[in-house]
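Visitor: Required output: the full structure, derived from the provided sequences and hints.
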Amino acid sequence: MVETLAVFYAAGTLLGVLVASEADLDTVGRVIAAVSVAIGTIGTAVLLLVRDRVPRRLLDALVAVATVVVGVAVLVPPQAPTALAIAWLASFAVVDSCYFFTPRAARAQLLLAAVCSNGGLLLRGDVPVWTVLALDCVLVALAVVTRRLAARASGADLDPLTGLPNRRSFDDQLQQLVRGDRAVSVALLDLDHFKEINDTAGHEAGDRVLLRMAEEPLRVLPPGAVLARQGGDEFALLLPGLTGAEAVVVVWRVCDALAGIGLSCGVAQYEPGESAAQLVRRADGALYAAKAAGRGRVELATAVRA
2 MVETLAVFYA AGTLLGVLVA SEADLDTVGR VIAAVSVAIG TIGTAVLLLV
52 RDRVPRRLLD ALVAVATVVV GVAVLVPPQA PTALAIAWLA SFAVVDSCYF
102 FTPRAARAQL LLAAVCSNGG LLLRGDVPVW TVLALDCVLV ALAVVTRRLA
152 ARASGADLDP LTGLPNRRSF DDQLQQLVRG DRAVSVALLD LDHFKEINDT
202 AGHEAGDRVL LRMAEEPLRV LPPGAVLARQ GGDEFALLLP GLTGAEAVVV
252 VWRVCDALAG IGLSCGVAQY EPGESAAQLV RRADGALYAA KAAGRGRVEL
302 ATAVRA
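Under this note's numbering, think of the first position of the sequence shown as 2, with each following residue one higher.
The reader is advised that the hints may include incorrect statements.
[What the hints assert, rightly or not] Lysine to any residue pairs mimicking SDA-like chemistry, simulated, CA-CA at most 25 Å apart:
| id | residue 1 | residue 2 |
| --- | --- | --- |
| 1 | Lys292 | Ala277 |
| 2 | Lys292 | Leu259 |
| 3 | Lys292 | Asp208 |
[Said to hold, decoys possible] Derived CB-CB ranges, DEER-like:
| id | residue 1 | residue 2 | range |
| --- | --- | --- | --- |
| 4 | Ala260 | Asp127 | 47 to 55 Å |
| 5 | Asn199 | Thr42 | 48 to 56 Å |
| 6 | Ala246 | His204 | 35 to 43 Å |
| 7 | Asp127 | Asp257 | 48 to 56 Å |
| 8 | Trp131 | Val69 | 19 to 27 Å |
These are calculated hints, taken from the structure and not from any lab test. Glycine included, C-beta positions come from ideal geometry on N, C-alpha and C.
Guide: In structure tokens form, the structure reads like this:
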């Protein structure tokens, strides 16, 4: 995602430079163009230099900021064709969000892209409404096609309901991490009394809880964390670079972010020499300890004895 977003920002920066070079821009137009170029340059530099360390929330914000900048920049050039070329940059945001974001976030980004590009073009007054509607049709088509391609490309590794990595994907990533020399912790998260929700409120209510579980924690997870659905009402959290104690703090943040949803959680830190399966078993043991202690709590597995 980082590289794709960097291309988006680089393209916007280049287009901003070209627009700023027009001789007939007024002072306000030159200021807007200069600010757009500055934002694009800084965004590109941050994405290329920081790469995988960019927090997910910052990536989401960068896509939204770029989309808003596109809507404002549409007002700058005096010629309508140039304005349309700028508006087309919104397609980058749509493709990026539909491939990498959750379905809800992708829909929000598509709406933002349409509002910003439409608003800018219509405020100009020299772009026909049918042209604006044609742009909307293309944006929607790109969103649908990109979402389908993303599903086909990663469907084997994603849970169909939540869009999170599934057990196989989680296991593959865990296997890679335990071969390294960084600290790694695993957490298993189980929804308390989930069967009662399905039995009393119906499966649709249960699905809504699962979707909340897939989306809310992303706001508080550190960069590099992987949240996966193991199946049913059980989720797994992969926390590279964190010790067991640090992972417990993160898991409690997840619990706080899911107000109204009870969670029992077990955490285990990787010990040198143990397998990925052994690590998960220790986390599972801590999970059962949390349930036995009354649920709604986080337990840390004891270290492996030599």
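Visitor: Evaluate each hint against the coordinates.
Guide: Going down the list of hints, with the structure as the test:
1. Lys292 - Ala277: Roughly 23 Å separates the two Cα atoms, so the pair holds.
2. Lys292 - Leu259: The given pair, whose Cα atoms are some 18 Å apart, holds under the 25 Å limit.
3. Lys292 - Asp208: It holds: about 22 Å lies between the C-alpha atoms, which stays within 25 Å.
4. Ala260 - Asp127: 47 to 55 Å: Because 49 Å falls inside the window, the suggested range holds.
5. Asn199 - Thr42: 48 to 56 Å: holds (51 Å)
6. Ala246 - His204: 35 to 43 Å: The hint (35 to 43 Å, Cβ to Cβ) holds, given that Ala246 and His204 are roughly 38 Å apart.
7. Asp127 - Asp257: 48 to 56 Å: holds (51 Å)
8. Trp131 - Val69: 19 to 27 Å: holds (25 Å)
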